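One line per chain: the protein sequences are A and B, in this order. Just so it is clear: in the first sequence, position 138 is 138 by this note's numbering, and no numbers are missing. Just so it is clear: in the second sequence, position 368 is 368 by this note's numbering, and no numbers are missing.
Derived from the structure by calculation, the hints contain no laboratory data. Please read these numbers as outputs of a predicted model, since none were measured by experiment. Note that CB positions come from ideal geometry on N, CA and C, so glycine has one too. A few of these clues could be false.
What the hints assert, rightly or not - If we take Cβ atoms under 10 Å as the criterion, some of the chain B residues that face chain A in the derived model are:
#: 1; residue: Cys50
#: 2; residue: Pro55
#: 3; residue: Ser58
#: 4; residue: His205
#: 5; residue: Asp248
#: 6; residue: Ala251
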Amino acid sequence: MLDLINVSYDTQIPNNVGLSSDKRVLKALEKWHPGYINWWSDLIPQNFQQSLVYLRTAVSVDPKGWAKFDYVKMPEYRWGILLAPEVEDRRIPCGEHAGQPAWQEVPGEYRNMLKRLIVIQGDTEPASVEQQRFLALSAPSLYDMRNLFQVNVEEGRHLWAMVYLLQKYFGKDGREEADDLLRRSSGSEEAPRMLGAFNEETPDWLSFFMFTYFTDRDGKMQLESLAQSGFDPLSRTCRFMLTEEAHHMFVGETGVGRTIERTCQIMTENGITDPYDIDKIRAFGVIDLPTIQKKLNLHYTLSLDLFGQEVSTNAANAFNAGIKGRYMEHRLTDDHMLKNDTYPVWDFEDGKLVRKDAPALTAINMRLRDDYTRDAAGGVGRWNKLIAKSGVEFEMKLPHESFHRQIGVFAGKPFDPAGNLLSQDEYDAKATEWLPTKADGDFIQSLMTPVSEPGKYASWISPPKVGIDNKPGDFEYVKLYMA
Amino acid sequence: MSAPLKQHLIDPEICIRCYTCEMTCPIEAITHDDNNVVVDAEICNFCMDCIPVCPTGSIDEWRVVNTPYSLEEQFSWEELPAQEDISECGGGIEALDPAIEALLAEAHGGAGGRSKAPLSAAKPTINMYNLGKPATARVQGNYRLTAADSGADVRHIILEFGGLPFPILEGQSVGIIPPGVDAEGKPHLPRLYSASSPRDGERPHFNNLSLTVKREDQGLCSNYVCDLQKGDEVQVTGPFGATFLMPDDPAARLLMICTGTGSAPFRAFTMRRQRAMAGEAGDMVLFFGARAPDSLPYFGPLKKVPDRLLKKHMVFSRLKDTAKEYVQDRMMVEQDQIADLLADTKTHVYICGLRGMEQGVEQSFKNIAESIGLSWEATRDVMRDEGRYHVETY
């Protein structure tokens with residue numbers, strides 16, 4: 001019998017999908033594998049490839065077995081294909097097929113729509129590794145370096161997960177799409193990644209933390225929606241990925257939090273009460289709170305663009321077809337079909353910003369974005385608690401969702417972070433107060449000196465409260481390879 | 001007053017509200033509001049499924065309480081409340097199931113009060129596997145440690161966990177579930193054995209551990225364990241124990257006193273120091289009693305451990321043509337060394353073995369303490385409260 005809980009290591013690719021008895025897919029994946037290894041090897045600087053990193057590897061999808069910690073060289077990391085256990089008699093949770101048995105094979109009429117969703121999701125996974133490829137060179141500690149690599153190998157595994165679905169269920173097209181996922185490259189002129197935010201560089205660690213907090217959170221919301229899919233293999237894949245995604249949220253939230261904590265600590269230690277006394281604060285080698293707020297403004301708004309148009313027929317079709325649900329669909333109590341429901345969507349009326357009811361079916365993106373904003377606001381509140389605890393008077397805020405947008409109803413309109421529509425001139429005059437400038441970037445960059453002594457941290461960030469896997473403070477999370 | 005109970009809590013200052021625990025919990029004991037993610041004490045059955053999936057470590061918090069904190073209280077928290085002072089237990093929670101906790105409380109009773117873990121000890125994981133959900137280990141080896149004609153059959157058993165995480169610290173125990181059922185048709189309860197290997201495994205990074213088990217005449221579990229063959233599968237629970245742990249401070253000095261299989265944790269302590277802190281460690285002194293060299297587990301390997309790492313006093317009670325000598329006798333012979341250790345606040349004392357040894361060892365300590373003008377009871381109580389005096393006897 002197939003062992004569907006424990007991972008099979010008897011083929012080259014660890015999996016719990018019975019690959020060894022599925023010769024066709026196994027062959028396709030083994031053919032794809034060398035390209036993947038090449039991609040990884042070319043990407044990460046060589047001395048890190050040789051270093052021993054204290055990583056967790058998923059060895060089983062059972063809650064107890066999925067996180068095993070040990071030192072591993074990243075190219076030897078076992079990227080596997082792991083699906084959450086099948087739920088018996090699972091039903092399609094939403095749309096016109098709601099209540100029918102979940103599909104175990106691709107329904108022909110939705111084949112292209114499904115493939116596109118999987119390809120878009122799959123494209124973001126390697127893209128973020130590409131964006132972050134040089135960060136290890138300026139890691140503020142071995143602890144942070146290890147967290148970066150953990151995020152990277154898991155994004156790599158998520159790529160594997162999507163490639164498996166393409167090769168297993170989409171035949172020749174799927175194989176071509178899988179190859180293209182390795183052909184496209186973040187920031188490339190001729191073959192860029194599919195979504196704009198994934199072609200921007202991640203130049204420094206504060207950007208990395210903001211990216212994992214805000215942009216990976218979009219990924220989490222998309223995975224939550226796909227976990228509700230009526231196409232069962234996609235649902236099971238995404239459910240397992242979510243457990244890993246939680247670590248990425250953790251890296252983002254605590255990374256920004258530790259940066260804020262350190263700034264507040266330096267301010268109180270040196271009797272600085274005005275958070276806008278920027279030069280004085282920066283002189284101590286920490287990032288002032290207003291600059292952190294600017295980074296927040298940038299990354300939050302770029303991430304909002306990832307949700308697409310507020311009113312979208314594509315999103316409506318995907319929901320109606322039952323291949324993408326809403327956030328926590330199974331906990332919602334409506335008819336799961338949205339036949340007559342409405343949802344308030346941003347619009348302009350006489351030049352004014354108003355929420356207007358639109359058919360809920362077409363407002364799926366808007367709804368998911370609202371869920372996202374609520375989720376993202378939680379961590380901002382916790383950062384503010386850190387600030388308040390230190391005695392510093394400052395509050396981080398999510399800007400209004402109309403600010404600095406490129407997609408949707410607000411695209412290109414000069415709103416300020418409070419949601420007031422300005423003239424373009426007024427906006428331009430103030431923009432440097434709201435978004436990071438080149439000088440801000442240069443300053444942050446100047447702090448990015450690597451620290452590689454166990455238990456030590458760069459000047460601009462506090463140590464974590466708890467070690468990974470309960471390890472003590474001076475644990476050597478990465479044993480650096482010395483050539 | 002109702003009996004104190006252990007309550008599972010989540011640290012709101014560390015938690016990032018990813019709700020992974022909530023989605024993982026098989027019985028929906030975890031819930032959240034806009035402020036906090038909390039565990040319902042009335043539902044949680046300590047299955048531990050939520051522990052490894054948490055990305056932050058905030059999930060691994062426990063308090064002993066007379067009345068569990070309600071959901072409303074937990075929702076309102078900005079930070080975790082401190083452990084209230086509850087006389088019956090509190091401090092280090094050794095195990096979550098009452099039966100195992102009672103066993104450990106009895107084993108640690110000889111310390112004369114509530115045991116505490118050394119301040120610098122690593123945080124132990126407990127109860128990851130239990131009777132309802134044991135871990136399956138495979139026997140990698142079963143070696144007899146004592147001579148065939150010694151009369152004592154003590155075994156070194158190596159168990160391997162494959163892909164299953166089994167994070168165990170030196171000094172912690174595991175439960176072994178003997179197969180079959182008792183007279184009432186119920187499955188046997190686990191028997192506890194101390195690990196004799198250090199935290200990174202009998203062999204580093206092979207995810208295995210070793211046990212030191214003596215065959216008892218009518219012992220159901222010891223006979224089962226001693227007869228295990230390579231490749232056999234064994235049902236294991238644990239890890240258990242949260243006080244009989246070694247300090248992670250390399251400068252700490254260890255005084256270890258044992259008889260027979262009580263040497264198991266000390267083998268683990270010694271190997272840990274050899275592997276992780278070689279060269280910089282405070283000194284370690286071992287008093288080890290057995291009938292004769294051929295019935296002293298690990299006699300050969302032990303002799304090879306250099307004296308600068310571990311000062312060894314092997315004491316025998318059944319040598320031909322030699323007067324009987326017990327550990328407490330040798331302690332008196334070495335009283336200067338022990339007095340020096342007792343006077344040093346870096347010293348941690350560990351006693352492990354048969355219950356019968358307690359009284360004699362205690363008497364020797366008393367004599368030595370008084371000879372340097374210390375009250376033994378007061379010294380011991382201070383050491384124990386500082387996590388520096390540990391007894392585990394059976």
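Can B/Asp248 be said to touch chain A, with a Cβ gap under 10 Å? 6 Å, holds
Hint check: 10 Å Cβ-Cβ cutoff, B/Ser58 to chain A: 8 Å, holds
Minimum beta-carbon distance criterion (10 Å), B/His205 to chain A: With a minimum Cβ separation of about 6 Å from chain A (threshold 10 Å), the hint on B/His205 holds.
Min Cβ distance, B/Pro55 to chain A: is it shorter than 10 Å? 4 Å, holds
How about B/Cys50: closest beta carbon in chain A under 10 Å, or not? 7 Å, holds
Report holds or violated for the interface hint on B/Ala251, using the least CB-CB distance to chain A and a cut-off of 10 Å. Constraint on B/Ala251 not satisfied, violated at 14 Å.
Comparing the model with each numbered hint stated earlier shows that hint 6 is the single one that does not hold.
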